[in-house]
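Chemist: Fit chain B to the given chain A structure using the hints.
2 protein chains.
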Amino acid sequence: MATIAPGPTTTTTASLTRTGIVDCDVHVYPRGNDEIKSRLSMPWRDRYGGGGRGFFGNPVHGSRLDSNPPNGGPVGSDPDFLRKQLIDEYGIAYAVLLPRAFCNLHPDPDFGTAIAAAFNDWLAETWLSEYNPDGVFKGSITVNTQDPVAAVKEIERWAGHPHVVQVMTDSGARAPFGQRQYHPIYEACERHGFRFAIHPGTDGMGINVQPSPGYPTHYIEWHTCLSLAFQAHLVSLLTEGVFVRFPGLGVTLTEGGVSWLPALMWRLDAEWKSLRSEVPWLDKPPSAYLRDHVRLSSQPIETPDNPKHLLAMLDLLDAEHVLMFASDYPHWDFDSPTHAFPRLPETLHRRIFGETAREWYGLE
Amino acid sequence: MATIAPGPTTTTTASLTRTGIVDCDVHVYPRGNDEIKSRLSMPWRDRYGGGGRGFFGNPVHGSRLDSNPPNGGPVGSDPDFLRKQLIDEYGIAYAVLLPRAFCNLHPDPDFGTAIAAAFNDWLAETWLSEYNPDGVFKGSITVNTQDPVAAVKEIERWAGHPHVVQVMTDSGARAPFGQRQYHPIYEACERHGFRFAIHPGTDGMGINVQPSPGYPTHYIEWHTCLSLAFQAHLVSLLTEGVFVRFPGLGVTLTEGGVSWLPALMWRLDAEWKSLRSEVPWLDKPPSAYLRDHVRLSSQPIETPDNPKHLLAMLDLLDAEHVLMFASDYPHWDFDSPTHAFPRLPETLHRRIFGETAREWYGLE
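Protein chains in written order, with this note's numbering: chain A, 62 to 425; chain B, 62 to 425.
What the hints contain is simulated information worked out from the structure, not anything from laboratory work.
There's no promise every hint is true.
As the list claims (entries may be wrong) - Simulated crosslink set (DSS-like; lysine-lysine; CA at most 30 Å straight-line):
| id | chain 1 | residue 1 | chain 2 | residue 2 |
| --- | --- | --- | --- | --- |
| 1 | B | Lys98 | A | Lys369 |
| 2 | A | Lys334 | B | Lys345 |
| 3 | B | Lys98 | A | Lys145 |
| 4 | B | Lys345 | A | Lys369 |
| 5 | A | Lys345 | A | Lys334 |
| 6 | B | Lys369 | A | Lys369 |
| 7 | B | Lys334 | A | Lys334 |
| 8 | B | Lys334 | A | Lys98 |
| 9 | B | Lys369 | A | Lys345 |
| 10 | B | Lys345 | B | Lys334 |
| 11 | A | Lys145 | B | Lys334 |
Chain A with its partners taken away, still in its complex shape (with noise of 0.2 Å):
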């Protein structure tokens, strides 16, 4: 054996020898978070959650500061002040909510369906009815797609309702979500005229893969990937055929930005003329398909400095016809209605915060 260095030569304050059993493994915690934190500089003081919390939260504020109600409770809980805060305030025919359930990202397949359920049978209780006496409010459930069975259980629990007019869910995956798995899915919600609505989220966190070239070091740089991860899932659905396979199927892209659509479409419709030998399911251009199946909601539309790039841009994406406007309320990065966009043309304003989304959903 080789000669080891001695260790550390200890004392104690009761005696300088003991007897009986020495113990190598005894964990100790201190009272709270503050213990830890008070002994952190900034801005990690700020930031540190306590043990095991490792993920990113946003390090400035997830939502708006004065969307707290002012009775109390969550931001985005209390319908009175959500009627006047968003509704009211900037006359708001129709929203559509998604309620944020984090349901896909749980090793328990069970565990994450019973969630989604429960997330379901509350906004119906609530949103969809209690606080809903005008309509106002259209809904979203949510499924777990990682238990596709499930999920079209879920699915047709909900058949029918008058305000319920899309199935969600959050873009952490592990495949993509053209694959096979998830088509029974799309099946119902083509069978039961519901459209199909990714959100970003999970992506990275519990039993999902992290969609980036290895893990992200800040917040910024994983949100601002989000945006990649969805192009993705869209690139998937495209050239797996799902829009060939079910052809009453509509996706909804929220929240994963806008003005990438030219470049991803340019690409992919190149690729797609050298390459449709390996995907001969598709008989047109695939972004032929997106104009026909796919919607994307506005928020967080891009800010270029100068305004005019915008406008070049949502020519260039044919904003007319595949955007609808979305204002992502109460989160930090609100998209306010009178504010978010430069002066649009008549008809294209119309489109955007409106029209495109009453065809889609088929709201009067």
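Modeler: For chain B alone, coordinates are given in the frame of chain A:
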């Protein structure tokens, strides 16, 4: 013990019973791939490459069909033919060479580093000397980014070489390229005046993570989305402050697409406005660092149906400052200097087809 159904009844030609050992794991092999290929229907027969090769190859063809040298040898291996088909055909003054070593996917970093060095020696002894009497060829040496310390040593081996202009890597990685472990490589590039080039490849191969939400299904999906991983690397380089730490560093983004740039920079600049406390080393918008420190090579330039759309996009992405022509000879999606672009304004044409690259690489 539960009752298990009896197994299948088998017979042998020799006798109905046998004594002796039963061996439960024996492998037999076809005499060649054709024994399997002949039993596959099309298109799988064309694509099947034998056991263990599960990864993507271009299902059509990876190189121009006319690029096979008439005197034999692989595409791109005959200097006389390459001069005839590319240099002389189009009046190329300088061709920046990017060999394809695929070294950064090996589990053993010493193996990857050895492959890089062998490629660099080969390049220097052939294309940069014997084949290069007129200096038309400028070289990119390859480094294995999985071992940054060894990569620095490799870079130092080529310091001062008259025809080496940059250090290159494939985009496949286990961590985005802005992260700390790579910084010694950037310090060495800065110190020796080499540009650092990233080229698509080895994504999701060998030890590298698949930089998308799970594994793509088809080559068209994989190839389209290479451009997304590229963008994630760029966001990492910018947000980690690599260009603040190494103000003399220049990064060339090669063959990763072009038209995604405005959308990505608009999004990242907007995030920076809200989240700059997280990346306090960036004292100007990320896009400003891009303009000073990053150049994109043009192939595969996007080709919208309407050429005016590409001109609009080139304007949005400040092509006059950041874009440099590349052909990607001899690959299947080669961009011809005379046909790939629509007619460009005089200044823009001059910048893209030479001026920017001459400045970037210090060429006369």
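Chemist: All the hints need checking, so say for each whether the structure fits it.
Modeler: Going through the hints against the structure:
no.: 1; hint: B:Lys98 x A:Lys369; result: violated (56 Å)
no.: 2; hint: A:Lys334 x B:Lys345; result: violated (41 Å)
no.: 3; hint: B:Lys98 x A:Lys145; result: violated (68 Å)
no.: 4; hint: B:Lys345 x A:Lys369; result: holds (22 Å)
no.: 5; hint: A:Lys345 x A:Lys334; result: holds (10 Å)
no.: 6; hint: B:Lys369 x A:Lys369; result: holds (16 Å)
no.: 7; hint: B:Lys334 x A:Lys334; result: violated (40 Å)
no.: 8; hint: B:Lys334 x A:Lys98; result: holds (27 Å)
no.: 9; hint: B:Lys369 x A:Lys345; result: holds (22 Å)
no.: 10; hint: B:Lys345 x B:Lys334; result: holds (10 Å)
no.: 11; hint: A:Lys145 x B:Lys334; result: holds (28 Å)
In the structure shown, a violation is registered for the earlier hints numbered 1, 2, 3, 7, in ascending order.
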